[in-house]
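Residue numbering for the sequence shown is 1 to 253, as defined by our numbering.
Hints may be right or wrong, so weigh each one.
Derived EDC-like pairs (lysine to aspartate or glutamate); straight-line CA-CA distance at most 16 Å [what the hints assert, rightly or not]:
hint : residue 1 : residue 2
1    : 219       : 110
2    : 181       : 63
3    : 28        : 43
4    : 219       : 242
5    : 28        : 46
6    : 181       : 65
7    : 71        : 47
It should be emphasised that the hints constitute simulated quantities derived from the structure, not laboratory data.
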Amino acid sequence: MAKRVRTGLTRSDILDRYVERFKQQLIKFQPFLSRRRGPVSLEDFDEAAEELISQVFGAASDESEAYFLAKTAESALLPEEAQESGTHNVERESLQQRRQVLESCLADLELRRRVQATRQNKGIGQALVGDYMSHEVRSIHRGATIKQAGQQLQKHKVGSLIVDDGSRYIGIITDSDLSRKAVAKGLDPNTATVSSCMSRSIVTIEEDEPLSAAMSIMKKQGIRHLPVTADGTIIGVLSVADLLRAFEDQNSA
Numbered sequence: 001m002a003k004r005v006r007t008g009l010t011r012s013d014i015l016d017r018y019v020e021r022f023k024q025q026l027i028k029f030q031p032f033l034s035r036r037r038g039p040v041s042l043e044d045f046d047e048a049a050e051e052l053i054s055q056v057f058g059a060a061s062d063e064s065e066a067y068f069l070a071k072t073a074e075s076a077l078l079p080e081e082a083q084e085s086g087t088h089n090v091e092r093e094s095l096q097q098r099r100q101v102l103e104s105c106l107a108d109l110e111l112r113r114r115v116q117a118t119r120q121n122k123g124i125g126q127a128l129v130g131d132y133m134s135h136e137v138r139s140i141h142r143g144a145t146i147k148q149a150g151q152q153l154q155k156h157k158v159g160s161l162i163v164d165d166g167s168r169y170i171g172i173i174t175d176s177d178l179s180r181k182a183v184a185k186g187l188d189p190n191t192a193t194v195s196s197c198m199s200r201s202i203v204t205i206e207e208d209e210p211l212s213a214a215m216s217i218m219k220k221q222g223i224r225h226l227p228v229t230a231d232g233t234i235i236g237v238l239s240v241a242d243l244l245r246a247f248e249d250q251n252s253a
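Take these sequences, add in the hints, and give me the full structure.
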């Protein structure tokens, strides 16, 4: 039997190291965005980035799949102006998508680190969901194509859209749904509709609930976007980025 070796590192130490590694990875990525010659080739960078993501989040994780799709320049969901401008813009958009995946990974780790620190400091205070949610609800009709959904996500720089049927909200579609359920399964983005890959059950939380309750729901459900309600009516969305802002406020208080 192999010996179990104690490293002396705490969970916080490990999270700190992961956060630093992703920050360094993003720094190394800057030359590619500015078209400067970097110390490594893009192929070598991709290999290192995929290895890091796999090590931290898992080889079968949404993060690993999202980076693979970004790397392979899946242009079906890119804005039309990017596609019409030719290969150069498609390649540029692929680089931007790589960056977004890495930034998303970093935000996830920073949130975990702040959660860990908050547990050690006994809570996040009395902050409520309504204090930090986004009040702007972006929606899309169930009959819209998944290409249109992808364009809306990029246009408004959001990670999710609430799906409606013309009279009520019936589901939610996220950037993860577009990668795992749409692109990965080979759906035609020009004809497949939002209803074919949306999540039909909407997990929500009331605006007067504590942020700690929202964090528990998001962790249990494995989601990053949580619609917020007031007396059962959706009035906003709480995201991982909003939680990070709450932790930053808590730490600076």
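Going down the list of hints, with the structure as the test:
Of the supplied pair hints, the one linking residue 219 and residue 110 holds, its CA atoms being roughly 15 Å apart against a limit of 16 Å. A threshold of 16 Å between alpha carbons decides the hint, and for residue 181 with residue 63 the separation of about 14 Å falls inside it, so the pair holds. Between residue 28 and residue 43 the alpha-carbon distance is near 13 Å, which keeps this suggested pair within the 16 Å criterion. For the suggested pair residue 219 and residue 242, the alpha carbons sit about 15 Å apart, so the restraint of at most 16 Å is met.
Using a Cα cut-off of 16 Å, the hinted pair residue 28 and residue 46 holds, with the two alpha carbons roughly 11 Å apart. Note on residue 181 and residue 65: the hinted pairing holds, with a Cα-Cα distance of about 11 Å set against a maximum of 16 Å. Restraint check for residue 71 and residue 47: the C-alpha separation of about 10 Å stays at or below 16 Å, so the hint holds.
In terms of the numbered hints stated before, the structure departs from none.
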